[in-house]
Amino acid sequence: MPKHILIVDDSKTVRNLVAFIMKKEGFKVTMAEDGLDGLEKLYSMTDVDLIISDVNMPRMDGFTFIKTVREQDAYRDVPIIVLSTEGQDKDIQTGLGLGANLYMVKPAQPDKMVKNVKMLLG
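Residue numbers (full-length UniProt numbering): 1 to 122.
Please keep in mind that the hints were generated in silico from the structure rather than gathered at the bench.
All clues given are correct.
Below are the EDC-like pairs computed for lysine to aspartate or glutamate, each with C-alpha atoms no more than 20 Å apart in a straight line:
1) 112 with 49
2) 12 with 33
3) 106 with 91
4) 118 with 25
5) 106 with 10
6) 3 with 25
Please construct the entire structure, taking both the sequences and the accompanying hints into account.
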């Protein structure tokens with residue numbers, strides 16, 4: 001069964017690009033347009049293997065989303081990759097401090113992203 005990836009980003013272009021890259025690698029993909037939508041999708045599915053999330057989003061930002069996901073036992077071990085334009089050390093520290101496994105700065109390099117996803121899904 002293919003691994004299932006949840007992509008959370010308010011930019012449709014980014015969502016579609018990341019989804020395209022992941023589907024090409026054989027992954028199953030679900031997309032959400034912000035943190036709240038991401039939580040709704042996550043709760044409605046039983047098989048999310050990895051999450052790729054932006055930071056700057058309306059309604060619920062990526063940091064709040066990651067914190068909320070990590071506070072629940074069921075999702076404590078789901079790998080999370082932050083994909084954001086915010087590349088300052090403080091943002092990276094915040095993301096990793098809240099429980100993200102990896103912090104990547106946009107624009108994402110497809111090869112690097114695929115390599116990281118495969119590494120985290122191990």
